[in-house]
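*Asks:* Read top to bottom, the protein sequences are chains W and B. Mapping the first sequence onto this note's numbering, position 390 (from 1) lands on 417, and the numbers just tick up by one. Mapping the second sequence onto this note's numbering, position 99 (from 1) lands on 805, and the numbers just tick up by one.
FYI, nobody ran anything at the bench for these hints, they're computed from the structure.
Taking CB as the label site, the calculated pair distances span:
| no. | chain 1 | residue 1 | chain 2 | residue 2 | range |
| --- | --- | --- | --- | --- | --- |
| 1 | W | Glu158 | B | Gln986 | 17 to 25 Å |
| 2 | B | Thr900 | W | Gly131 | 55 to 63 Å |
| 3 | B | Asn957 | W | Glu117 | 56 to 64 Å |
| 4 | B | Tyr742 | W | Asp113 | 42 to 50 Å |
Beta carbons are placed, not taken as given, at the ideal position from N, Cα and C, and that holds for glycine.
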Amino acid sequence: MKRILDHFNKISQWATLVCLALTIVGIWGCKDETTDLPPRAEAEDIAEIAETYDEILTAETEGWVLVYKPEAYNDSVYIQLWFQPDRALELISGYRGFHTRQSGKSYHYEGAYQPIVVFDDTTVFTALADEHNGSKKFKINYVEDREEFELTRSDGYNDIVFTLKKADEESLRQLDNQVQDILDLIAWEEEQERLSQETMSKFRDFVAIESDFYFYNLTTENFSAAVNELDTVNRSLELTYKQTPLSPPSTTAVNYTFYPEGIIFNPPIEYGSLKVDTLKLGEVGDVSMEILSAGNTGSGSIGYSHEAPYLYTNVADRTQTAAAALYTYIGSSNLLYTANTDDYFSTETLSLRSELREVFRDKTTDLVDERFNLQLYFKSSPTSTPSLQLSSRKSEGGNSFYLLSHTVVEPVLEDNVLQFELTGNASSNVVNTGVRDDYEAFYREIFPEEGVTVVPYRVGTTTRYRLVSKKDSRIWVNYVHQVAAQRSLVFD
Amino acid sequence: MKSPYNILQSPCRLLVASAVLFVLFTACEKEDAIPYEPYEEAEVPTDPTELAVYNILQEYQSKIIYRYDRRYKSADAFAAPPDHDMVLPYINNVIRKLYIAPYERQKTDFMREHMPIEMVMFGTSLNYVEGDERNFSASGVAYGLSRIIITGVNGYDLNNPSWLRGQYATLHHEMAHVLDKIYGRPIGFDKVSTGLYAGGTAYNVFSQAEARERGFWRNYGMTNESEDFATWVDGLVTNPKEEVLEIVSANDLLNQKYQMVYNFYLDRGIDIHELQVYLQQILDDLEEE
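Pulled out of the complex, with its shape left as it was, chain B reads as follows (with noise of 0.2 Å):
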């Protein structure tokens, strides 16, 4: 006679083997291997522009766009696509020379390693809707370390310091950003003109000289702390270090910040005025020519 087990038994082995026949045949139904498929490097490019921006990529790993995307701008602003044929002269002569090899001949890897991950071109400023409140016209914008906005590419002259010098003080105003967001403003700094930024006010009621007393090297400064660390950057590579010195002796507020900024960059192998002297050099070997 069967036990009870066995009675019970018969059923569930039958139950189990019809089990395990479906899981071998449904689970072990088996995939293929997914093929591996080597990374093919880009082709290095032929067109010049294209060329350009890929040794930009392969050598700084940064990314210039200068195809008009207006997703790279607020929708509230207006900007014009940069003229292809200025984008080759403006790569090679403006960023290269005036905004990398600054850096890279103090410092070896300097850029490498501190390039945005983006630059974008417009061929105009980008200039925010008329009526609106922010109503006015940037000249660059920097998006935390990894884009920055250059602007005016379409007034590429190198016969014209003053656009020249435009375009660099604005492409390290933005570099300044980038720092900042990499390493953080030095210590201390923010606390320098504590309660004496701009605020609910609009910075342009603020004179220079007020800006000035305020601790601050342009009213532009007193928007934000962030702005305030920018402007001291494009105030110190666009004006001679006597000037400088000059300018900061006028307060205790400036002073401090110009030590602070100054040391900033020295700390990460960088004397701000050798990059202005520099800067200043091809600006006067141009007005030479």
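Excised from the complex, chain W in its bound form (with noise of 0.2 Å):
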């Protein structure tokens, strides 16, 4: 029993050693062939692939051009970049303020998942960033076969890419090219601020003039109007001109600001195909400045002038001046009267009246202080002949009349002027006391070869006549009407 049991342990032990080897060539006999896989690729570090990217960056003594347009700027603006050991930077640009070569600044990276460049806070990035949309910090990524590097903004704002590259001499001329129109354009600048402030200096000279002619007007080739308003505080223009010499007057009020050339108007006055929205200051003279151009309408002046800004026609029929209103038939007593008093006459009319009344004293008997009046008769019948007469008080009683007698000449009458021509006659009182040269010298200056201008105005309801030299305005005298149906005309 114990033989079988011993033999039985024998086979035992045989099988396991033969199950044993089974196992093993199962196992190394059956083992498939293997897939040769690569080396599982280790992801690089931020902070190594920043290295490389610093050793990149620094080796380039020129630097390198960074082309960068920010999403609300209309240009691309040229950046050369000198990077330098211990991520110190040097940069210029084509942006204005950082148009100079800088030093001393610094860039970093950022970034667990791909390195973000960021450049320091004084650099032009940040100004365009704060400006213009832009940005200072970049991905980036170096694209070994172009040896330059793509630069994205880093906060997804969008997936614009921008170009790193090696500077070169195209880049550099453009960066040249951006730089010196920033020189330029500064250097413009300083010249608008030079003419601006000569400009400026021009105006306060202009409205420092002080004149007693009789008008005030900007005037050009193709524009005229009266300036009634000049509000330098407020800086603004009330102007009044009539689109056409027979439309109605326009009163309308601009505000100027300064250019350096001259004035601009806010609004511009524009009618038909005429606009007057700047005013190129010229010259300033004695009595207005010289305008070299005022929107499309020409050249000419501004400040005070002998000559009105438009016609003055009848409101009732706007064919009719004023002057020919007055020269128009209308019976007798068709004249123009002044009284004595001395607010019929301008100052300077004044002047001239008292010299020729000191004639007038010498060679006459008359009172003339009591009465030294003007009458302008035009035709009191079809047949009359129109003249001025100087009226006196008798020293006996009554009135002295001096006559001058003139003819109109009518072509002006359209231009609102009435000019008088000496016929020769004269009264013999004017003859026989001697006064006749004063007294036509007087004429000639109240009623020079030029002729007046005849300027109506309302007092209370009715109208008067101003009649203005136009040879010096200077030279002015108020005349009322002896036809009431001539004072109840209006004119303007």
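Can you join these two chains into the complex? Each is in its own frame, and there are hints to help.
*Replies:* Right, here's the structure in full:
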């Protein structure tokens, strides 16, 4: 029995060995061919990448050029960067304020997944970020085969790629152009500033002009307006003008601002094809300032003048000037007259009148202080001759009338001008008293050969007529019309 | 004479030999190694829309899905697919400028680490079946931290501040759900209004004033704690800080939640008021244009 058990044990041991062998054969013999996998790629640490980038960037002594266009800027800005050891940075750009080489700047990296280059706060990048929705932080990626970097703003605002390339001739030329443009612009602005100062000074000089000339106008080749008010505190002008000689007058207030060469109207005055939006100012004279151009209306002047800005016409009949209305034959008593008081005469005229009065005092017995009036006769009958009559008080009572006959130059009536020509006829008292020369000299002062402008004006509910010398507008006389119908006419 | 052992041994050897041969012929019939095929990067798309999707995926590991697939919505909801022409401008001007950039400007890599894995676009709202007790329209949905549903893409109009504001309010609301799932709501947030949620009642039976009294930014937040948190976020990104502070000064419940939500974001590098200022600036710029 024991032998049997021994044999059995031996067999069992043997079987165990066989099974073991089979297992080994199974494992080794049946092992499949394995796939050879490439070594697992280890992600490069961002810090290592950054150091590699630093090496590449600092190796270029001529630096790198980035052509960067911020979101809200119309142009691309050329930026040359010199990367230096310890992440120091020097840079120059084609953006104003940063167009000279800046040193002592720095950059660093951020980002856990991709290097993000961050330029420090005092560089052009911050200015572009703040002013034009740019960025100072960029995802940066080196493209080895092109030996250049790709930069994309890091905040994901967009995915536009900008290239940071080694500085080359073309990119530096573009940068130089941008820098030169900035320098030119600065020079231009300085010149404009100088011109602005000059213009403002010129305008101040103009405003300071004082004159007794009757009219105060803005007149150019194709535009003419009365300057009713010039408010230098609020920088506004009130102007009255006529679009055509037959138009009613328009009054408008415009504000003005200065530009280097003059002033800008806001709003501009516009009608038809005419536009006065700017006044380009010229030299300041004694009574006015030269206007080199006024919008598209040509050149002219602004200031005091002997000329009216536009024709004064009858509101009931725009074709009729005030001068024509006076000349029109209306029957007897067709005359204008003054009273003896000073308010009928301008200061200049009063002076002339006083001189003439002295002559009359010397050469006549008239009581010239009591009465020394003017009467301007138009035709009182179809055949009568117009005349100027000077009327003074006779010492024995009653009035003297000193008469100088004249004719009216009719064609200029449509220009609202009364232009007289002396006929050579005078009343006998003019000749006999020996006042004729002085009287005619006075006459030629108040009625110069150039004529007088008829300026109607209202007193209460009636119209009076001021005749203003076209030769010297400081000389004018106010008249009342003898005929009520003429006093009722309205002109503007 | 053969020993019994030997007698027994002979057939055994035969058997073993047969087994070995069998194993060698069968088990040792070797297969070829599986060939290694290196991973091929997908080609960079040339189609601008696909390229925009590709770039977002590369940069933020978030896939924008705009092709219609009914599985992205529940069976009882209707929604139209987005117009293809709207997808690219929506990605560039809404997702990038109003959703990604506000966070990234404040905290580098924030969106790389938090953007949902998928963003699915629909052209309209998700309109749930009329007559159903769920009858309502959803302007956005967040599925955990992995997917956000964007709706209303077909209404894309940068000149419509109301639409734009609605879009970014929804995006940041859904983003709040994502952050909620990643980090959990601020400790104690859920307890502030314990017992004051709508519960079985429809949230819209509560007025704004009632909701505020109970510590909610708006009544939709009364639905549950998650919506409570997310509605606070959309409230903070659409209202100036001064107005928010005035609103939360009305009661302690509001103030507590405001502090928690504000600090929740601040702890992650995001000042939610700065986020609002940035978004409002974009709206103002559009109105000026």
